[in-house]
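Student: When the letters of the sequence shown are read in order and numbered with our numbering, they come out as residues 116 to 295.
FYI, nobody ran anything at the bench for these hints, they're computed from the structure.
Think of the CB as a built atom: it goes at the ideal place given N, C-alpha and C, for glycine as much as any other residue.
Hints may contain errors.
[Claimed, not checked] Across the chosen pairs, the derived CB separations fall in these ranges:
#1 128 - 198: 17 to 25 Å
#2 268 - 182: 16 to 24 Å
#3 290 - 185: 51 to 59 Å
#4 165 - 201: 49 to 57 Å
#5 207 - 148: 41 to 49 Å
#6 118 - 144: 39 to 47 Å
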Amino acid sequence: MRKAASLAFARWIQWYWCDVPLAALIVVVVAVIPWVRDVVDLLGNLNLSDRRSIFTDLLNVTALFAGFTTLATATYLGWSSRGITAVRLLVGKDLLRLWLISTSLPWLCAVVLVIVKMTDRGADEPTNVMRWVAVGSMIVLAEQLARVLYLFYSLAMIEQQPRGPVRPVAPRPIGVRQPR
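Just need the whole structure built from these sequences, with the hints factored in.
Tutor: What follows is the structure, encoded as structure tokens:
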């Protein structure tokens with residue numbers, strides 16, 4: 116069970132392309148089931164001015180997370196230890212592609228939130244698509260943040276691994292000998 120969960124988590128880390136469809140699926144399921152929608156649709160219970168204020172706050176949080184992912188990517192690109200170099204040689208373009216996607220997707224979510232704020236006209240009914248687009252954007256952002264934190268932690272642990280024991284160079288300890 117633990118191995119299967121670890122494999123599923125590893126696949127989720129690598130399959131960055133499934134974040135948007137997964138977020139869309141979650142949003143559609145929540146929006147379609149009435150009793151779930153009534154509980155989860157917090158944005159639908161707000162009037163337009165409050166909702167636009169929340170969109171501004173979400174945009175600030177998104178920009179903050181986007182800045183963090185950019186900083187994490189820059190840190191990864193700046194690391195030059197033997198362990199990180201070995202990871203770069205072993206994984207290569209796939210890891211760089213994962214970092215670039217993880218860096219660019221939060222900025223794309225920020226643009227989506229700006230568009231949502233501009234186009235939301237205040238409809239309170241559950242068919243107001245803009246609210247659900249904002250929720251989906253935040254789900255994608257949360258997935259990307261979890262991915263970046265995991266990648267950064269994994270690479271930092273490679274960077275922090277203790278060095279191996281020193282090989283013996285003599286059959287007995289070397290010391291300073293006083294002349295007689």
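Student: Would you mind marking each hint as holding or not holding in the structure?
Tutor: Hints, one by one, checked against the model:
| no. | hint | in the structure |
| --- | --- | --- |
| 1 | 128 - 198: 17 to 25 Å | 19 Å, holds |
| 2 | 268 - 182: 16 to 24 Å | 18 Å, holds |
| 3 | 290 - 185: 51 to 59 Å | 53 Å, holds |
| 4 | 165 - 201: 49 to 57 Å | 52 Å, holds |
| 5 | 207 - 148: 41 to 49 Å | 43 Å, holds |
| 6 | 118 - 144: 39 to 47 Å | 29 Å, violated |
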